[in-house]
Amino acid sequence: MYWNEHFECMNREELKELQLMRLKKIVERVFFNVPFYRKKFQELGVEPADIKSLDDLRKLPFTTKQDLRDNYPFGMFTVPMSEIVRVHASSGTTGKPTVVGYTREDINTWAEVLARTLTCGGTTKNSVIQIAYGYGLFTGGLGIHYGAERVGASVIPMSAGNTKRQLMLMKDFGTNVLACTPSYALYLAETLEKMDWDRDKLKLKYGIFGAEPWSERMRQEIEKRLQISAIDIYGLSEVIGPGVASECQGKKGLHIFEDHFLPEIIDPVTGESLPFGEKGELVFTTLTKEGFPVIRYRTRDISIMTEEPCSCGRTHVRMSKVMGRTDDMMVIRGVNVFPTQVEAVLLEIGEIEPHYLLIVDRIGNLDSLEIQVELSSNMFSDKIKGLEDLERKIRSRIDSTLGISAKIKLVEPHSLPRSEGKAQRVIDRRKI
Amino acid sequence: MIKQISLFLENKEGRLARVCHVLGDNKINIRALSLADTTDFGVLRLIVNEPEKAYEVLKENKFAVSVTDVLAMEVSDSPGGLAGTLERLDEAEINVEYMYAFLGTTAEQALVIICVENPQEAIHVIRKAGIKVLEGDKVYSL
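Residue numbers (our numbering), protein chains in the order written: chain Y, 1 to 432; chain C, 1001 to 1142.
Calculated from the structure, these hints are not laboratory results.
Hints may contain errors.
Listed next, the in silico DMTMM-like pairs over lysine to aspartate or glutamate satisfying Cα-Cα at most 20 Å (straight line) [stated by the list, open to error]:
| # | chain 1 | residue 1 | chain 2 | residue 2 |
| --- | --- | --- | --- | --- |
| 1 | Y | Lys407 | C | Asp1040 |
| 2 | Y | Lys385 | C | Asp1040 |
| 3 | C | Lys1003 | C | Asp1137 |
| 4 | Y | Lys409 | Y | Asp399 |
| 5 | C | Lys1012 | Y | Glu412 |
| 6 | Y | Lys383 | C | Glu1010 |
| 7 | Y | Lys385 | C | Glu1097 |
| 8 | Y | Lys385 | C | Glu1117 |
| 9 | Y | Lys194 | Y | Glu221 |
| 10 | Y | Lys385 | C | Asp1037 |
| 11 | Y | Lys52 | Y | Glu264 |
| 12 | C | Lys1062 | Y | Glu412 |
| 13 | Y | Lys409 | C | Glu1013 |
| 14 | Y | Lys205 | Y | Asp172 |
| 15 | Y | Lys393 | C | Asp1040 |
| 16 | Y | Lys321 | Y | Glu212 |
| 17 | Y | Lys409 | C | Asp1037 |
| 18 | Y | Lys409 | C | Asp1040 |
| 19 | Y | Lys385 | C | Glu1010 |
| 20 | Y | Lys383 | C | Asp1040 |
| 21 | Y | Lys383 | C | Asp1069 |
| 22 | C | Lys1012 | Y | Glu370 |
| 23 | C | Lys1012 | Y | Glu391 |
| 24 | Y | Lys385 | C | Asp1069 |
| 25 | Y | Lys407 | C | Glu1010 |
| 26 | C | Lys1012 | Y | Glu388 |
| 27 | Y | Lys383 | C | Glu1117 |
| 28 | Y | Lys393 | Y | Glu370 |
| 29 | Y | Lys407 | C | Asp1037 |
| 30 | Y | Lys383 | C | Glu1097 |
| 31 | Y | Lys205 | Y | Glu190 |
| 32 | Y | Lys409 | C | Glu1010 |
| 33 | Y | Lys383 | C | Asp1037 |
| 34 | Y | Lys409 | Y | Glu388 |
| 35 | C | Lys1059 | Y | Glu412 |
Taking the hints into account, I'd like the entire structure generated from these sequences.
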């Protein structure tokens, strides 16, 4: 079942022609509208006319998260704000978020790629879909919402959390498609089991899960416990949000919607392009975005691409499930967290350089974050209340900066492991 | 005024023993102690014979340590003795933040360590209320 058979099953030669035509246009667009890109192109001595084939993409500079940060908030937009109809943002590494903007046409494109994603996952106009991704600045909730409306499904915009209510409405409204993070899906399953409900009361059949890394083992568990078919979806706000790639019911890799996003796999150290079948960093160039196109955006996600035809009939290349990161970013409860964000908060509070350790675990299918902070003598108060106040203060600052709650544990000075060179700041005990 | 040594301790094996070792190795004698604990950590409060030295050696051994001024009051060592003293503190509007007993005693009197806000001012009020408050030199050597 396809949403847009013409594009999803396009002959690859035809697809490449389309990509090249769109690439030329997007390169011109950023060159003439974004000073950042023009300067970078000129430094490398390339200009739009140099793009004569898809291989010429390699002549273009990479774009990194740091570049987006340097141009905060709207410096990378190619249109005036009057043309922007929506803004989303993801957490940044130093307090400032990464901001992305959409024109009316971009929202349209986004709904299109998500309609494809949702169709891959079993959604039709007869479906009742419950969206339990967060709504707000995060692209998950609203992105999928527009895609589901495009398909014509009945949308229940639940947002994240409030588990018992989620289950009650799932039963009462006859939800048959669930969209949320995979860890939340497992948590729902667990809650359902505790409530001792008859599974037959639910009409749930399909699950569309993403926004955090998960394994094949986790898929099997979700499928068994919720008795659904679960597919993996991929996206990032810098490229468009969810809807960059999606598994089909074949579940052998995620089809990248190549008529909108031109993918590459590169060696993260040398920046060299790697052939199909080799593991490396995913890089995307948006081909159709208007408000906020990106050229060779480095995702830091590690994957492998394959060009082999898929049994589903879609011709777009497939990427493997994300296998890791090239930086120290972690995804905790669907939120991107960098250790440096924690460091920035601690530096604000104490006067000395803090020693800290992040311990990430998955308890009862929900991610937990514990931050151990070494107490220094000048932070030490003889009063228990003073220490508890300090814990509370760190906790509330972390909460407002990272957008997730953490347990703060004060530890004795010099008790955290010291290492030569790069300090070990993270212990991730999750078995994904 | 008494100099109390306060230490931050994580709730894990061997930490209390480690403090006592450091003090013992430096020939410092513990005269009174109290341990307040929460789920993850505790605060150990000590009265020792040589507070300055104790502070230095604990700091050298990387403990989070601080010095707090507290008071040592004499309390009648008989049933109801402490109650009577506390009533007088109440009347004098002195709020006790925490309190613990001293190991040694003088003749018929027990000693109690109290922590109050503004100990410098409180000491006069307490003495006025007829309670005997001991000086540091006397307490350290008891």
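Hints versus structure:
1. Y:Lys407 <-> C:Asp1040: holds, 11 Å
2. Y:Lys385 <-> C:Asp1040: holds, 14 Å
3. C:Lys1003 <-> C:Asp1137: Satisfied, since the Cα-Cα distance of roughly 10 Å is no more than 20 Å.
4. Y:Lys409 <-> Y:Asp399: holds, 15 Å
5. C:Lys1012 <-> Y:Glu412: holds, 11 Å
6. Y:Lys383 <-> C:Glu1010: With Cα atoms ~15 Å apart, Y:Lys383 and C:Glu1010 stay inside 20 Å; holds.
7. Y:Lys385 <-> C:Glu1097: With a Cα-Cα distance of about 11 Å, the restraint between Y:Lys385 and C:Glu1097 holds, given a limit of 20 Å.
8. Y:Lys385 <-> C:Glu1117: holds, 14 Å
9. Y:Lys194 <-> Y:Glu221: holds, 16 Å
10. Y:Lys385 <-> C:Asp1037: Holds, because 11 Å separates the two Cα atoms, which is no more than 20 Å.
11. Y:Lys52 <-> Y:Glu264: holds, 18 Å
12. C:Lys1062 <-> Y:Glu412: holds, 8 Å
13. Y:Lys409 <-> C:Glu1013: Holds, at roughly 17 Å.
14. Y:Lys205 <-> Y:Asp172: holds, 15 Å
15. Y:Lys393 <-> C:Asp1040: holds, 17 Å
16. Y:Lys321 <-> Y:Glu212: holds, 10 Å
17. Y:Lys409 <-> C:Asp1037: holds, 14 Å
18. Y:Lys409 <-> C:Asp1040: holds, 7 Å
19. Y:Lys385 <-> C:Glu1010: Holds: Y:Lys385 and C:Glu1010 sit about 16 Å apart, inside 20 Å.
20. Y:Lys383 <-> C:Asp1040: The hint holds at about 15 Å.
21. Y:Lys383 <-> C:Asp1069: Distance of about 13 Å is within 20 Å: holds.
22. C:Lys1012 <-> Y:Glu370: holds, 17 Å
23. C:Lys1012 <-> Y:Glu391: holds, 19 Å
24. Y:Lys385 <-> C:Asp1069: holds, 17 Å
25. Y:Lys407 <-> C:Glu1010: Given that 20 Å is the threshold and the Cα spacing comes to 15 Å, the pair holds.
26. C:Lys1012 <-> Y:Glu388: It holds: about 18 Å lies between the C-alpha atoms, which stays within 20 Å.
27. Y:Lys383 <-> C:Glu1117: Distance of about 12 Å is within 20 Å: holds.
28. Y:Lys393 <-> Y:Glu370: Holds, because 15 Å separates the two Cα atoms, which is no more than 20 Å.
29. Y:Lys407 <-> C:Asp1037: holds, 18 Å
30. Y:Lys383 <-> C:Glu1097: holds, 9 Å
31. Y:Lys205 <-> Y:Glu190: Satisfied, since the Cα-Cα distance of roughly 17 Å is no more than 20 Å.
32. Y:Lys409 <-> C:Glu1010: Distance of about 9 Å is within 20 Å: holds.
33. Y:Lys383 <-> C:Asp1037: holds, 11 Å
34. Y:Lys409 <-> Y:Glu388: The hint holds at about 10 Å.
35. C:Lys1059 <-> Y:Glu412: holds, 12 Å
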